[in-house]
Amino acid sequence: MRTIENDDDLRAALTQMDVTDQRHVAALFVEDVLEYTHDSRLRHALSVVIRADASEAELKAAHRTARAAALDAHARCGADSDWSDQSPYFVARAAEAATGKNAKGTSSTLAWLVAMQCRMATCCLASETDQESEENTCSAQRRIAAEFINSRKDNGHE
Amino acid sequence: MSSASIEKGIRMIREQIDAPIASFFSSCVHCGMCADACHFYVQTGDPRYTPINKVEPMRRIWEQEYTLWGRIKATLGLSRKVNAQDFEAWEELVYDGCSLCGRCSLVCPVGNDISDMIRKIREGFAVAGHAPEGLVGATRRAVEIGSPMGVRLSALEAQIRHLKHDTGLDAPLDQAGADYLVLLSSMEIMNFPEYLEAIARIMQQAGKTWTISSRAFEATNSGVQIGVSDIAAELVQRVVDAAEELGVKTVISPECGHAYTAIRFEGPNLIGRPYNFRVQHILEVLEEFRQQGLLKTKGKETDRMTFHDPCQLVRKGGVIEAPRNLLGMVTDSFVEMRDHAEMNWCCGGGGGVSANERADELKSKAFNQKKSQLDELGVDTLVTACANCRITLEEGLERNDMDIPVIGLTEMLADHLVEEPGKGGET
Amino acid sequence: MTADAFLSFARGTGFDWALTIFVFGMLLRLFEVLSLGRKPDLSEGRGSGVQGGLKTIVTRTLPRAAVFAREPVRIINGYVFHIGFLAVLFLYEPHIELFDAKMGLSWPGLPTGIINALGVLTIFSLLLALALRLTSPVLKFLSTGSDYLAWLVTLLPVLTGYLAYNHMLLPYTAMLAVHILSVELLMVVAPFTKLTHMFSFMLARWYQGYRAGHRGVES
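Protein chains in written order, with our numbering: chain Y, 1 to 158; chain F, 159 to 585; chain G, 586 to 804.
Rather than coming from a laboratory, the hints here were simulated on the basis of the structure.
Everything numeric in this text was worked out from a predicted model, so none of it was measured.
One thing to keep in mind: the hints can contain errors.
Part of the chain F face toward chain G, derived, beta carbon under 10 Å [as the list claims (entries may be wrong)]:
(1) 182
(2) 188
(3) 205
(4) 208
(5) 210
(6) 211
(7) 287
(8) 291
(9) 431
(10) 447
(11) 448
(12) 492
(13) 494
(14) 501
(15) 520
(16) 565
To be clear about the criterion: a stretch of chain G counts as covered by chain F if any three or more of its residues have a C-beta under 8 Å from a C-beta of chain F, and this derived list gives those stretches [claimed, not checked]:
(17) 588-597
(18) 605-617
(19) 721-730
(20) 739-749
(21) 771-785
(22) 795-803
No residue lacks a Cβ here, since even glycine has one placed at the ideal position from N, Cα and C.
When you get a sec, could you build the whole thing from the sequences and use the hints?
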């Protein structure tokens, strides 16, 4: 039974996955913080990623949906905005990355980027002194990744 | 608007007129070339958006007050004084229909700096109460809260905690004697926190010390955009005070076009004295690091990429080569748009346009200029160096069903950094 | 008034008055500009303002490719007019003799056949300029009575000069007098219209170029 204790382990585990698996785990990460947004489009977009038989066209459409959600939720330049209201934006950005083709850059893996966006979504909600919730998100991500790896093993993928 | 505020507006416009402005009005031959340089005219076909027409009220004030012939004409009743209706009619042209991109200034055959004239006429419109609500709000928040978007220090502190927690990197607040004082735009804090992480990683690799001031972390200057020099000066002064108090050598303006020209070139003139520190745009700093071998990257992007030049950087700030050299480190498939560098077309959202909600429809029309540039090129990825351009581009692409991701250059470089063991950060 | 008396007025008193108004009018206009002054730039420069200013006075004479592509006809016509007008004014032998007589300066001219052809070309470029001004939405929108007046007083000297040289419409002496009067009209009108750009363009280019040079940006 694989366990993931810290972020270094998490990142290493994510790096070893192929893009399809990364997307799957990433989608699970986003689902974990989905309660922070009311945008119902995102749930649908994520369900496409999680489905094993999703076609390229479906993935593309899901990605577009997530991006539209992110743009709808962004803080407008010069507009009165509130950091604690930014969670839905970061959830949507996470979903956008989770449905995208590849992580940009070389040192970041797609799923890690999504993990960071999800943590940012929690970070907005955490009060000035309370780091608890972001820590909860981190440990949830480690658990989700470990469970995913274990379920793949059980199904004879490795 | 009361006639008193209109009088104030007229007086303010009169105060803006100096020898350069007078030489520009004296030289205009109504050739109309500036219209062809302006995305607002080109995309709407409406001649009212001809750049020189946007300063017509200022021309009349100049003629009637600063030329003998104009005074005679006014006395004889041959010319009409600027009135409240003119302010009413021109407000939309001066704010919604101009992103202060400066392209018109570059093509004017007699050399008129039309963009600067529009920047100046805004001073009169703002004081007369004829500025768009969105910009008025942003300016008020910039003065009262320290950010046009109302971003408070606690938001930045939350991000710094996140940064430490998830990457082990630090963004030190108020560290006296650091090499660099880093400024941020509210857009970066709210929408693109990746920028802060990128800075932290790059500074660590370069071995430079840096800090953010808890009192003056905002780089943008709404006073410049709306055209209220007193407020613009106050916002600049906050940064100057912080930089001097912390004793930093260099202040870094972030990936934002107008923030750079505001602090770098307008700033000393606004506060009435030179600085005792340098101001650099982040891309200039990165280019210096590259030249000094302090920026080590690995891997190259394979996507076909192009760079959207933020107008203020290329036309008013002179940062042209840096982004291209930096892009060269991380991609071999870089292509230029037909009109690029100093002739680049604006995204449509600069100069306060994107803070002005009622200008949305016009902004989307103006974006079609960018769209046609991109359609012609067919790229997979668009890179830029301004958070406002970035969102404006993303929105425009989305509206036009174009699937092109937009990335910030600093962030892209940080993604390619060679991680050195023992230096912390990501492994 | 006989044609001869008419001509001698045009050459004498008329010319002196016109020249006085032209010179003092233009000096006044330039004084009105320069006396407004400008504040020194306190920002740290990246380059030389003086170099930028001087450079821009010259380089702004050429159009940027991106704009040329959009308006080739208007831009080429602008060159044809300016080159034609200046050549006819400064390179026609009798004109040079006039400058020599008034200022003691002379230079070689062009053969009259070429001047004659350039005159025709200049007239056509002015007609095209008017056509463009009346048909282009932007130009039509921007144009004021003063623009059309400036066009007219610019056309008349070229047109009457051509007619006089080719002995058309009026007897030569009368047409020459009309020609000189039309030049005087141009000189009188110039300081009070956009024709001031003939001198002030250098100031405008200088100021923009100076600022660009200081900042180290293109101009």
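How the hints compare with the structure:
1. 182: Status holds, d = 5 Å.
2. 188: 4 Å, holds
3. 205: Since the shortest Cβ distance to chain G is 4 Å, the answer is holds.
4. 208: 5 Å, holds
5. 210: 7 Å, holds
6. 211: 7 Å, holds
7. 287: 27 Å, violated
8. 291: 29 Å, violated
9. 431: Since the shortest Cβ distance to chain G is 6 Å, the answer is holds.
10. 447: 19 Å, violated
11. 448: With a minimum Cβ separation of about 19 Å from chain G (threshold 10 Å), the hint on residue 448 of chain F is violated.
12. 492: 20 Å, violated
13. 494: Nearest chain G Cβ about 13 Å off; hint violated.
14. 501: Since the shortest Cβ distance to chain G is 5 Å, the answer is holds.
15. 520: With Cβ-Cβ at 18 Å, over 10 Å, it is violated.
16. 565: 25 Å, violated
17. 588-597: Not satisfied, violated; 0 residues make the cut.
18. 605-617: It holds, with 3 qualifying residues against the three required.
19. 721-730: Coverage by chain F holds for the segment 721-730 of chain G (9 residues, Cβ < 8 Å).
20. 739-749: This one is violated; 0 residues, fewer than the three required, reach chain F with a Cβ under 8 Å.
21. 771-785: With 6 residues closer than 8 Å to chain F, the segment 771-785 of chain G meets the three-residue bar; holds.
22. 795-803: holds (count 5)
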